[in-house]
Amino acid sequence: MKHTLALLVVNQPGVMARIAGLYSRRGYNINSIAVGETEDPKVSRITLVVEAEAAHELEQITKQLYKLVDVIKISDITLDDSVERELALIKVKSSSANRSEILQIVDIFRAKIVDVSRSAVIIEVTGTQDKVEAIIALLKPFGLVEIARTGKVALVRSAVRA
Amino acid sequence: MKLTGAQILVECLKEEGVEVLFGYPGGKVLSIYDALYQDDFSHIINRHEQGAVHAADGYARATGRPGVCLATSGPGATNLVTGLATAYMDSVPVIAFTGQVPTTLLGRDTFQEADITGITMPITKHNYLVRDVADLPRVIKEAFHIATTGRPGPVLIDLPSDISDGKTRFRYPEKVSLPGYKPTYNGNFKQIKAMASALRKAEKPVLYVGGGTTISGAEQELLELAEKTQIPVVTTLMGMAAFPSSHRLALGMLGMHGTVAANYAVTECDLLVAIGARFDDRVTGKVETFAPQAKIVQIDIDPAEIGKNVPVDIPIVGDIKKVLTDLLPLVTPGDTGAWLAKTGAWKEKYALSYERNEKYIAPQEVLEILSELTKGEAIICTEVGQHQMWVAQYYQFTKARSFLTSGGLGTMGYGLPAAIGAQIGRPNQLVINVAGDGSLQMNIQELATIAAYRLPVKVILLNNSYLGMVRQWQEHFYAKRYAGTFLENPDFIKLAEAYGIKGFLLNEREKIKDVLAEALAVSGPVLVECRVNPEENVFPMVPPNGAINQMMGVMES
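Going line by line, the protein sequences match chains A and B. Numbering-wise, my numbering puts 136 at position 136 of the first sequence, and it's gapless, one number per residue. Quick note, my numbering runs 1000 ahead of the 1-based positions in the second sequence.
If you're looking for bench data, these hints aren't it; they were derived computationally from the structure. Each hint should be verified, as a subset may be incorrect.
To be verified - Residues from chain A shown here face chain B by an in silico Cβ test under 10 Å; the list is partial: (1) Val9; (2) Val10; (3) Pro13; (4) Gly14; (5) Ala17; (6) Arg18; (7) Lys42; (8) Glu53; (9) His56; (10) Leu58; (11) Lys67; (12) Val69; (13) Ile147; (14) Thr150; (15) Val153.
Said to hold, decoys possible - Straight-line alpha carbon distances no greater than 30 Å define the calculated DSSO-like cross-link-like pairs of lysine-lysine that follow: (16) A:Lys63 x B:Lys1321; (17) B:Lys1321 x A:Lys73; (18) B:Lys1322 x A:Lys42; (19) A:Lys42 x B:Lys1190; (20) A:Lys67 x B:Lys1322; (21) A:Lys67 x B:Lys1167; (22) A:Lys63 x B:Lys1193; (23) B:Lys1204 x B:Lys1228; (24) A:Lys67 x B:Lys1228; (25) A:Lys63 x B:Lys1295; (26) B:Lys1002 x A:Lys67; (27) A:Lys63 x B:Lys1228; (28) B:Lys1204 x A:Lys67; (29) B:Lys1141 x B:Lys1002; (30) B:Lys1308 x A:Lys2; (31) B:Lys1182 x A:Lys42.
As the list claims (entries may be wrong) - Label pairs and their computed distance ranges (CB to CB): (32) A:Ile30 x B:Leu1330: 41 to 47 Å; (33) B:Thr1063 x A:Asn31: 22 to 28 Å; (34) A:Gly21 x B:Arg1356: 29 to 35 Å.
These numbers come from a predicted model, not from an experiment. Glycine included, each C-beta is placed from N, C-alpha and C at the ideal position.
The whole structure should be built from the sequences, with the hints applied where relevant.
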């Protein structure tokens, strides 16, 4: 099962390497990892999506992460009521003949076209991972040139929890 | 007044009460060495950086205080790797300083540059690359704090040469501020009560004692617990010296080369209390058959150890000494008479034994006599292999922090430099390194350090001209094909004497006691080469991934 972990870490060089290294060393899988500064410039927030079959496996992952001196807090927000978003840039082959059809899909998904050339467009889409997957699937028949995805970021809806 | 980074380092060491530094000079630590020289700071030059880090480790294990070592950049730093991994696996507080190329040249494959913080990330508790000399006092303060608190471990500080040369106003911070680092010391009282109740209800309980007991300094509390509750004690390799070997309740070591009594007791017990032990594969054998009927209690300061290998019924996160202190008033003497009769009968029936023959000296006999001559009071260091297991089996430990051995990583070449650190940390104690001929040669250059500082370390070399433990596995699991395990050795006596160390040759069984006694009486360092039975095996033995109550080589007495 996929779990979303929200980590608060000390914002300094090497933190990502420590987390990524721990994962590969202990044989865990990371699906995505997204990192950025928080409201406190000394602290970064990392959103990790990890694969863990059994409960004790996730427990081990969490405990091992906690052992890193730079990790301040870890929350498993998989089951929490949270806002989850991912941003993707999708470059799709496009000519004047099919541009309007692509535009329709873009509209339905409330995405944006952020670059247009004679042979391709770049679409920016934000949403849950399911939404991003869905638009990619619909755009696929036009010919995907390149995709860049941020990985999931998430915040729990209540204001008190991290 | 402003100080250089190198001077700050020396000042910080003094602030931390460090009395000695183990190290090896080189290009990128020249200013640090200059500062040490200026200050006349006590420094031991080992003959290899690996020797320095193991010596710092041995110092830490023997004294309970952090060991500190220093190496230059590049190869100096990479030579620390095995020692740091050794200390990490056995939770030893070591602080390693490494030189580094200046920050302006970092990442350019500069001469003698190695990314030592990257390399040591998985084998240190934490590490630092200092990029601003103003950070140095804080970093050193944090390093000592992290290395010595919670579950101890090695911390490395990488110092680019422009940081060592850079100047700043020095002020040593009084406190550390580490929002992500808060070890738990006090056990949850509800859990401690649950443990007390489990102890009361158990009919066949066992205390399974590991190295965490020693780290926590809880030997006295353990002894009280065992005696008050009348529960038998099994120990891991790392826990050997945490409980007196000759105690009535001691069943000896458990696991792969454990005693029959210990392994039977664990297999049959209804309550297993793990005290600072981590259910290592060498202890459990096949996990499914390990303590199959037992309710399991685990006390450990590291939450990640709880339930890592074996599911736990009553987990207690905390410092062993504190947890046992809280527990002791709650326990009552249990009715373990029938159980003690049973374990006692196993202990007697399957006492450790070996064959004595006229042709060869049995290494076990050498260790039995060594134990007798030293009354079990020496600090024993070992290398890794058969001799290490025989020490665990036959030396009758009586004192805390008296057994220094690489348990987790299994590092050959550990013992000799560790003995240096132990002897410097505890100058009035008899320090003995029991070695095999393979292991001793892995850091044999440290004989020069021993000679140069006139350290009265006694080396007992059990020479069988084999990598004995590997040969034993080849004998049993590879149809006696002894690939790469026969060693053509130098003349160890001449070698010792070349270093200025007195050598003794022991090759007659009748003379074991006399030669050992004579060697131990020498005030300086000695090397005793014992020519032992080349094909002696360590028994009992649990085949890899077997059930621990299914042992090979069991003899009944």
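Hint check:
At about 7 Å, the closest approach between the beta carbon of valine 9 of chain A and any beta carbon in chain B falls short of 10 Å, and the interface hint on this residue holds. With its C-beta approaching chain B no nearer than about 6 Å, valine 10 of chain A sits inside the 10 Å limit, and its interface hint holds. The closest approach between the C-beta of proline 13 of chain A and any C-beta of chain B is roughly 8 Å, which is under the 10 Å cut-off, so the hint is satisfied. Below 10 Å, beta-carbon pairs count as interface contacts, and glycine 14 of chain A has one with chain B at about 7 Å; its hint therefore holds.
Because the beta carbon of alanine 17 of chain A sits about 7 Å from the nearest beta carbon in chain B, less than 10 Å, this interface hint is met. Hint on arginine 18 of chain A holds. Least Cβ distance to chain B is approximately 6 Å, under the 10 Å limit. At about 9 Å, the closest approach between the beta carbon of lysine 42 of chain A and any beta carbon in chain B falls short of 10 Å, and the interface hint on this residue holds. Checking glutamate 53 of chain A against chain B by beta carbon gives a least distance of about 16 Å; that is not within 10 Å, so the hint is violated.
Because the beta carbon of histidine 56 of chain A sits about 6 Å from the nearest beta carbon in chain B, less than 10 Å, this interface hint is met. Using the Cβ-Cβ criterion of 10 Å, the hint placing leucine 58 of chain A at the interface with chain B is not satisfied: the shortest such distance is roughly 12 Å. Of the supplied interface hints, the one on lysine 67 of chain A holds, with its beta-carbon coming within about 6 Å of a beta-carbon of chain B, less than 10 Å. Against a cut-off of 10 Å between C-beta atoms, the interface hint on valine 69 of chain A holds, since the closest Cβ of chain B lies about 5 Å away.
Here the hint on isoleucine 147 of chain A is broken, as its CB sits about 30 Å from the closest CB of chain B, past 10 Å. A least Cβ separation of about 25 Å between threonine 150 of chain A and chain B goes past the 10 Å threshold, and the interface hint is therefore violated. A cut of 10 Å between beta carbons decides the hint on valine 153 of chain A: the least distance to chain B is about 21 Å, and the hint is violated. Only pairs whose Cα atoms come within 30 Å are accepted, and lysine 63 of chain A paired with lysine 1321 of chain B is accepted, the gap being roughly 23 Å.
The suggested pairing of lysine 1321 of chain B with lysine 73 of chain A holds, with an alpha-carbon distance near 28 Å, which does not exceed 30 Å. For the suggested pair lysine 1322 of chain B and lysine 42 of chain A, the alpha carbons sit about 34 Å apart, so the restraint of at most 30 Å is broken. Between lysine 42 of chain A and lysine 1190 of chain B, the direct Cα distance comes to roughly 37 Å. Violation of the 30 Å bound is thereby established for this hinted pair. Under the criterion of a C-alpha separation no larger than 30 Å, the hint pairing lysine 67 of chain A with lysine 1322 of chain B is consistent with the structure, at around 21 Å.
A C-alpha spacing of about 33 Å is found between lysine 67 of chain A and lysine 1167 of chain B, which places the hinted pair above 30 Å, so the restraint is violated. For a cut-off of 30 Å, the pair hint linking lysine 63 of chain A to lysine 1193 of chain B stands: about 24 Å separates their Cα positions. Between lysine 1204 of chain B and lysine 1228 of chain B, the direct Cα distance comes to roughly 15 Å. Compliance with the 30 Å bound is thereby established for this hinted pair. For a cut-off of 30 Å, the pair hint linking lysine 67 of chain A to lysine 1228 of chain B is broken: about 35 Å separates their Cα positions.
With a C-alpha separation of about 23 Å, the suggested pair lysine 63 of chain A and lysine 1295 of chain B falls inside the 30 Å cut-off, and the hint holds. With a C-alpha separation of about 36 Å, the suggested pairing of lysine 1002 of chain B with lysine 67 of chain A is violated against the 30 Å cut-off. For the given pair, lysine 63 of chain A sits about 34 Å from lysine 1228 of chain B by alpha-carbon distance, which is inconsistent with the 30 Å threshold. Distance hint between lysine 1204 of chain B and lysine 67 of chain A is unfulfilled; the C-alpha atoms sit about 35 Å from each other, more than 30 Å.
The straight-line distance between the Cα atoms of lysine 1141 of chain B and lysine 1002 of chain B is roughly 19 Å, inside the 30 Å bound, and the hint therefore holds. Distance check on the hinted pair: lysine 1308 of chain B and lysine 2 of chain A sit about 21 Å apart at the alpha-carbon level, within 30 Å; holds. This hinted pair checks out: lysine 1182 of chain B and lysine 42 of chain A have alpha carbons roughly 18 Å apart, not beyond 30 Å. Hint check: isoleucine 30 of chain A to leucine 1330 of chain B, Cβ distance near 44 Å, so the stated range 41 to 47 Å holds.
In this structure the supplied range 22 to 28 Å is violated for threonine 1063 of chain B paired with asparagine 31 of chain A, their Cβ-Cβ distance being about 47 Å. Checked against the hint of 29 to 35 Å, the pair glycine 21 of chain A and arginine 1356 of chain B fails, with Cβ atoms roughly 52 Å apart.
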